[in-house]
Structure formats: C-alpha cells, structure tokens
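Working from the sequences, and respecting the hints, build out all of it.
First residue of the sequence shown: 0, per numbering that gives the first Met the number 0; consecutive thereafter.
Treat the hints as calculated values from the structure; they're not laboratory data. Heads up, the beta-carbon is just placed ideally off N, CA and C, and yes, glycines get one too. Some hints here could point you the wrong way.
[What the hints assert, rightly or not] Below, a list of computed lysine-lysine pairs in the DSSO-like style, where the Cα atoms sit at most 27 Å apart:
| no. | residue 1 | residue 2 |
| --- | --- | --- |
| 1 | Lys109 | Lys70 |
| 2 | Lys201 | Lys172 |
| 3 | Lys116 | Lys241 |
| 4 | Lys219 | Lys184 |
| 5 | Lys221 | Lys208 |
| 6 | Lys241 | Lys60 |
| 7 | Lys187 | Lys224 |
| 8 | Lys241 | Lys226 |
| 9 | Lys135 | Lys34 |
| 10 | Lys241 | Lys184 |
| 11 | Lys194 | Lys184 |
| 12 | Lys187 | Lys226 |
| 13 | Lys227 | Lys208 |
| 14 | Lys49 | Lys98 |
| 15 | Lys184 | Lys226 |
| 16 | Lys49 | Lys60 |
| 17 | Lys135 | Lys70 |
| 18 | Lys60 | Lys116 |
| 19 | Lys194 | Lys241 |
[As the list claims (entries may be wrong)] The following label-pair restraints were derived from C-beta to C-beta distances:
| no. | residue 1 | residue 2 | range |
| --- | --- | --- | --- |
| 20 | Gln186 | Asp61 | 25 to 31 Å |
| 21 | Lys172 | Pro112 | 31 to 37 Å |
| 22 | Asn175 | Asn84 | 55 to 61 Å |
| 23 | Asp28 | Gly203 | 44 to 50 Å |
| 24 | Lys60 | Glu190 | 29 to 35 Å |
| 25 | Tyr88 | Thr167 | 51 to 57 Å |
| 26 | Asp156 | Asp71 | 17 to 23 Å |
| 27 | Tyr88 | Lys219 | 38 to 44 Å |
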Amino acid sequence: MKILLAFATLFSFLILPNNAHTQGTITVDSITFDKILQRFHTVLLKFDDKFPYGPFQDSFKDLVDSVANAKDFVIAEVPVTDRDNRENYHFGLNYYAFKPDFPVYRLFIKDTPTPIKYVGDRTADDLKRFLLRNTKVWLGLSGTIELLHELSGEFIDATLNNDTDTQTLLLEKAQNRVNTILDTKDQKSGEMYLKIMEAVMKDGIEFFKREERRIHNLLKGKVTKEKKIELRHREHILLSFKPLKESVSKMADAAKDEAASANEQIQETTMDAHKEL
0 MKILLAFATL
10 FSFLILPNNA
20 HTQGTITVDS
30 ITFDKILQRF
40 HTVLLKFDDK
50 FPYGPFQDSF
60 KDLVDSVANA
70 KDFVIAEVPV
80 TDRDNRENYH
90 FGLNYYAFKP
100 DFPVYRLFIK
110 DTPTPIKYVG
120 DRTADDLKRF
130 LLRNTKVWLG
140 LSGTIELLHE
150 LSGEFIDATL
160 NNDTDTQTLL
170 LEKAQNRVNT
180 ILDTKDQKSG
190 EMYLKIMEAV
200 MKDGIEFFKR
210 EERRIHNLLK
220 GKVTKEKKIE
230 LRHREHILLS
240 FKPLKESVSK
250 MADAAKDEAA
260 SANEQIQETT
270 MDAHKEL
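Next comes the structure, spelled out in structure tokens:
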C-alpha cells in the first residue's frame, strides 16, 4: 500500500499540472469575483478542480486563446476543492456547480440578474457557439468576419424594430466592407453575410428558423467535405444575427427551472458536509 501511495504521489508531481491558473484568465474567489462583475460587461465563469487536466482543459485553453483580444469580456476560473479547507466549495454550491459535473460554466451578462448555464459538450467549438448565441463577443469561428459581425448585430436589431431604412443603410455599409476584402475565402464569407441580409429583408425574421433547419438537415445527410465546410461557415455566420435578448431570456427561464430542481441536491450536499465536520 505504501508503495502504491508513493507512486501516486510521484505520478501527480511528474504528470499532472502543478498550476491552478490558466494563462489568459483571472483566478477568482467569491469576493474577488464580485469586483470582476463590476468591471466587465460579460464574464464566463468556470468552476473546476484546482489542478485541471485532460481534453476538457485542452478545449478550455483553446477557447481562452481565441478570445484573447475580445473587448469588455473576461474568463474567470474558480479552483474548487472538497477536502481540508474546502476552497471555494460553497461558492460553487451557490451556482449549482457540483464536482461530478466539472468543469461547470456560467455566463454573466451585465444587467441580466440570472447567469446562463452552459449545457454543451465542453469542446472548444461548442463553447464558442454558446458565447456567440448569448453575447456580442466575436470569437473568430471559421467563416465569420469581424468587420461584419458588429453590423450583423445592428442589422438584426433594426429587423426586430421593423426599421427598413436602417436595414438598407447597414446592407450598403456591409457591401462596402465586403468590397475591401482581398482574401478569396473571406470574400465568399462576406457574400454569405450579404445574402442573409437580403433574404431577411425579403422574408423577414422567420428566414433564420427556416435556414437553420435547412442547414441542420443537410448536415445530417451525405454531403461532400467541401459542402460540409461551407454549411458550417454559414451556420457560424447565422449566429452573428442571433437576437441577443431572446436568447438570454430563454436561458434565464431555463436557469430558474434548474435552480428549483437543484435546491434538494444542495441541501443534501450541505448536510453531508456538516456530518463530516
């Protein structure tokens, strides 16, 4: 037994990471996190083991690298332990972050009272899509263009307000920006943005549901590798046009339902903790 324990200790020093902080993030606790919320408009909070490793952590690092230059957005880490002094243990319970589910992600948006729960596969691409659906942060997903991402948000706002004059002006502005693009692949993506805007002006907001359904069905079928890449690019571009308020509202309602069902689990966990003490 002593030999096995010695080997396990040696393994942890040689193989497992010895740094609880991921470069490009901010490590926080319950006190410092409140200060971060006051400073940034959008915060992605990650609850995880104190020394995370493996494919989930690799995906997390990929995500962090992709948002390094994002404005008014930050990723914060909460290292959690359930032994000794239970570092950040109760902080995690406050947001229904339980160790068996680690890593657990919560998205905080300014002036939105309830954080948005992430329920995806925890791959880098899924995390990026989650942020695109619920924030205005540009993440550089394949096929997307930063010059047109902000215009897309303005365009959808004008569409929801039935402001056809602003729609026309934004379409012209987008066309001018596409005309300045030199890269052939980016030009093709730029044309996708323009075609989507034109289709929305013709068919209205319902175009998005039909187009998303069409792409989803095509991706389930047999398509060439080139066509699949094109469809993924179009799918990513469509995310730039997502109505932010609608997405946040739906996720907030889901979070309230989750809170009600999680109360029982929190009570059981807290009772177990008192017993151990």
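These are the hints, each one checked on the structure:
{"no.": "1", "hint": "Lys109 / Lys70", "in the structure": "holds (14 Å)"}
{"no.": "2", "hint": "Lys201 / Lys172", "in the structure": "holds (18 Å)"}
{"no.": "3", "hint": "Lys116 / Lys241", "in the structure": "holds (18 Å)"}
{"no.": "4", "hint": "Lys219 / Lys184", "in the structure": "holds (24 Å)"}
{"no.": "5", "hint": "Lys221 / Lys208", "in the structure": "holds (22 Å)"}
{"no.": "6", "hint": "Lys241 / Lys60", "in the structure": "holds (26 Å)"}
{"no.": "7", "hint": "Lys187 / Lys224", "in the structure": "holds (17 Å)"}
{"no.": "8", "hint": "Lys241 / Lys226", "in the structure": "holds (23 Å)"}
{"no.": "9", "hint": "Lys135 / Lys34", "in the structure": "holds (22 Å)"}
{"no.": "10", "hint": "Lys241 / Lys184", "in the structure": "holds (23 Å)"}
{"no.": "11", "hint": "Lys194 / Lys184", "in the structure": "holds (16 Å)"}
{"no.": "12", "hint": "Lys187 / Lys226", "in the structure": "holds (13 Å)"}
{"no.": "13", "hint": "Lys227 / Lys208", "in the structure": "holds (19 Å)"}
{"no.": "14", "hint": "Lys49 / Lys98", "in the structure": "holds (11 Å)"}
{"no.": "15", "hint": "Lys184 / Lys226", "in the structure": "holds (14 Å)"}
{"no.": "16", "hint": "Lys49 / Lys60", "in the structure": "holds (15 Å)"}
{"no.": "17", "hint": "Lys135 / Lys70", "in the structure": "holds (10 Å)"}
{"no.": "18", "hint": "Lys60 / Lys116", "in the structure": "holds (20 Å)"}
{"no.": "19", "hint": "Lys194 / Lys241", "in the structure": "holds (16 Å)"}
{"no.": "20", "hint": "Gln186 / Asp61: 25 to 31 Å", "in the structure": "holds (27 Å)"}
{"no.": "21", "hint": "Lys172 / Pro112: 31 to 37 Å", "in the structure": "holds (34 Å)"}
{"no.": "22", "hint": "Asn175 / Asn84: 55 to 61 Å", "in the structure": "holds (59 Å)"}
{"no.": "23", "hint": "Asp28 / Gly203: 44 to 50 Å", "in the structure": "holds (48 Å)"}
{"no.": "24", "hint": "Lys60 / Glu190: 29 to 35 Å", "in the structure": "holds (33 Å)"}
{"no.": "25", "hint": "Tyr88 / Thr167: 51 to 57 Å", "in the structure": "holds (55 Å)"}
{"no.": "26", "hint": "Asp156 / Asp71: 17 to 23 Å", "in the structure": "holds (18 Å)"}
{"no.": "27", "hint": "Tyr88 / Lys219: 38 to 44 Å", "in the structure": "holds (42 Å)"}
The structure agrees with every numbered hint stated previously.
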